[in-house]
Amino acid sequence: MRKIALVVAITLLQACATVGMLPDNVSEVDFDSVEGKTGWSKYEHVETFHGYNKNQIYEATKVGLGGAGFSLRIADKSKGMVIGEHGVTLHDWNVIAGVYFKESGDDTKIKVIVEGSKDIGFSGDVTSDGWTGKILRGIRQYLNNTYQTTLKVDKSDIK
4 MRKIALVVAI TLLQACATVG MLPDNVSEVD FDSVEGKTGW SKYEHVETFH
54 GYNKNQIYEA TKVGLGGAGF SLRIADKSKG MVIGEHGVTL HDWNVIAGVY
104 FKESGDDTKI KVIVEGSKDI GFSGDVTSDG WTGKILRGIR QYLNNTYQTT
154 LKVDKSDIK
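Be aware that the sequence shown starts at 4, since it is given in the numbering used here, and climbs by one per residue.
Check before you lean on any hint, since a few could be wrong.
To be verified - Simulated restraints on C-beta separations: (1) 133 to 34: 18 to 26 Å; (2) 35 to 90: 26 to 34 Å; (3) 109 to 149: 15 to 23 Å; (4) 43 to 76: 29 to 37 Å; (5) 90 to 54: 29 to 37 Å.
Unchecked claim - Dumping the calculated BS3-like pairs for lysine-lysine here, alpha-carbon to alpha-carbon at most 25 Å: (6) 82 to 57; (7) 80 to 112; (8) 137 to 45; (9) 82 to 105; (10) 82 to 65; (11) 112 to 65; (12) 80 to 45; (13) 112 to 45; (14) 137 to 80; (15) 65 to 40; (16) 112 to 82; (17) 65 to 105; (18) 82 to 45; (19) 57 to 105; (20) 137 to 105; (21) 45 to 65.
Source of the hints: derived by calculation from the structure; they are not laboratory data. Quantities reported herein were computed from a predicted structural model and do not represent experimental measurements. Even for Gly, the Cβ is constructed at its ideal location relative to N, Cα and C.
Produce the entire structure from the sequences given, and follow the hints as far as they go.
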């Protein structure tokens, strides 16, 4: 009986998503790779943000993760990464998300990588739950609300 319990415990622990599943540094991330569902419970999405610097993006990534329900695990601006963990959901034991960013000229590219637990769950692999989109939406909202400029219009130009 103990052996069966040990095997079950080890299997469940191996199925959990961990920070070690994600790249340690932005230099390990391929921003040109395939997007969408790229593994059993792995999802990737890349987006380019125009007119924002690395400091603004770094703050926005932390807010975006928090807004999607992730708690901060690692944040390192010099490595271009922020990693968060989402606890148990109806479909997953846990979910890990990494947000990686790099400047490219006047733009900043962001890649969100989400890894879910490797279990079947009650309704199959539904890890996606739109996590990448929820995180990116939070980043966009923060940037728009915090750094959006007001256009000044000369009324004589409008006819």
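Hints, verified against the model:
1. The supplied range of 18 to 26 Å is met by residue 133 and residue 34, whose beta-carbon atoms lie about 21 Å from each other.
2. Between residue 35 and residue 90 the beta carbon distance is about 32 Å. The supplied range of 26 to 34 Å therefore holds.
3. Between residue 109 and residue 149, the C-beta spacing of about 18 Å keeps the proposed range 15 to 23 Å intact.
4. Between residue 43 and residue 76, the C-beta spacing of about 21 Å breaks the proposed range 29 to 37 Å.
5. Range check, residue 90 to residue 54: Cβ separation about 35 Å, and the 29 to 37 Å hint holds.
6. Proposed proximity of residue 82 and residue 57 is supported: the alpha carbons are some 11 Å apart, at most 25 Å.
7. For the given pair, residue 80 sits about 14 Å from residue 112 by alpha-carbon distance, which is consistent with the 25 Å threshold.
8. Using a Cα cut-off of 25 Å, the hinted pair residue 137 and residue 45 holds, with the two alpha carbons roughly 15 Å apart.
9. Distance restraint check for residue 82 and residue 105: the Cα-Cα separation of roughly 9 Å lies within the 25 Å cut-off, and the hinted pair is therefore satisfied.
10. Proximity of residue 82 to residue 65 is assessed by CA-CA distance (about 14 Å); at most 25 Å being required, the pair is judged to hold.
11. As the CA atoms of residue 112 and residue 65 are separated by approximately 15 Å, the hinted pair is consistent with the 25 Å bound.
12. Our distance criterion of 25 Å between C-alpha atoms is met by residue 80 and residue 45, whose separation comes to about 24 Å.
13. Among the hinted pairs, residue 112 with residue 45 is consistent with the structure: their alpha-carbon atoms are about 20 Å apart, no more than 25 Å.
14. Pair hint residue 137 plus residue 80 holds up; C-alpha atoms about 21 Å apart against a cutoff of 25 Å.
15. A hinted pair counts as satisfied when its Cα atoms are at most 25 Å apart, and residue 65 with residue 40 qualifies at roughly 23 Å.
16. For the proposed pair residue 112 and residue 82, the alpha carbon gap of about 14 Å is at most 25 Å, so the pair holds.
17. Between the alpha carbons of residue 65 and residue 105 the distance comes to roughly 15 Å, so the proposed pair stays at or under 25 Å and holds.
18. In summary, the hint linking residue 82 to residue 45 is supported, as the alpha carbons are separated by about 22 Å, within the 25 Å threshold.
19. Under the criterion of a C-alpha separation no larger than 25 Å, the hint pairing residue 57 with residue 105 is consistent with the structure, at around 7 Å.
20. With a CA separation close to 20 Å, the supplied pair residue 137 and residue 105 stays within the 25 Å bound.
21. Taken as a hint, the residue 45 and residue 65 pair is honoured in the structure, with Cα atoms around 20 Å apart against an allowance of 25 Å.
Hint 4 alone, counting from the list given before, is not met by this structure.
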